[in-house]
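Protein chains in written order, with the numbering used here: chain A, 1 to 241; chain B, 1 to 48.
No lab work stands behind these hints: they were computed from the structure.
Keep in mind that a hint or two might mislead.
The calculated SDA-like cross-link candidates involving lysine to any residue, where the alpha carbons are at most 25 Å apart (straight line), are [what the hints assert, rightly or not]:
# : chain 1 : residue 1 : chain 2 : residue 2
1 : B       : K31       : A       : A8
2 : A       : K228      : A       : F10
3 : A       : K228      : B       : K45
4 : A       : K226      : B       : I10
5 : B       : K38       : A       : Q181
A quick note: this is a predicted structure, and the numbers were derived from the prediction, not measured.
Here is how the chains run, residue by residue.
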Amino acid sequence: MHRFANPAKFNRLADKILPWAIVCAAIAFISGIYYALFNSPADYQQGESVRMMYVHVPAAWASMSVYGFIAVASFVALVWRHPLALIAGKAAAPIGATFTALALITGSLWGKPMWGTFWEWDGRMTSVLVLLFLYLGYIALWEAMEDDEKAGRAASILALVGVVNLPIIKFSVEWWNTLHQPASVMRAGGPSMPAEMLTPLLTLGIAYQLYFTVVVLWRMKLEINKRKIDVMVQMSMQDEA
Amino acid sequence: MNDYSTYIMITYGVSGFALLVLGLMSYRRMKSTEREAKNLRRRRKERS
């Protein structure tokens, strides 16, 4: 793993992955949205409003998986001091925060016609809101300190402490009485929805993960470029002095 | 379309807009820093 700590090697690998990931993400988004809007049945209880599920659930899945990614990157950064791990965590945070905000917004928009309210302080919604605050806290810690090494360590510790929120989100619908429906895909006994609904849902789930792959690689390259610029500016100042 | 069409359109619109803006901003910032790093390296080479 340490051989990719070299920015040049990482950039070469990223440049090889990116075109394929972009094409696959585009195909997954186009086919997923087509299936979701035009080729999947209405729900027998929720009617046409079920089509909001196809963007809400993938955003919610991605919000949790990206946090898991940041937690693993933080662990690697703290234990093995892998230089790219801190960069990976920092690059992933705004994407995870966006997915979480989208999960909350699209969930509220789906909730209004189904439950009669945009918001309810129940276990699932509150724990996802806490996840958004964890993302914002992680980003704020990176921005609050001048020294990247110190900022990265503080943000990594916060990310690892916040991991406790992931099982709370997952099991909140079982632990507490909630308006939110229980798990219908990732549950014991297999998915409880028909294949016509599962196909667009999983396709868009993959599309969101591919989108994350593309944007996190761009943002990691961006962070590496910023560090290169800082080093070259410092070297120029030393040359002039 | 149906009673829920406004909610469905806002849901897909907000999601698409947010993902597009984040993707474009990330790509443009990555490209501009790449250009800046290349320019700085070229200037250093020219000076030395």
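Taking the hints in turn, this is what the structure says about them:
| no. | hint | in the structure |
| --- | --- | --- |
| 1 | K31/B x A8/A | 16 Å, holds |
| 2 | K228/A x F10/A | 14 Å, holds |
| 3 | K228/A x K45/B | 15 Å, holds |
| 4 | K226/A x I10/B | 36 Å, violated |
| 5 | K38/B x Q181/A | 52 Å, violated |
When held up to the earlier numbered hints, the structure conflicts with 4 and 5 and fits the remainder.
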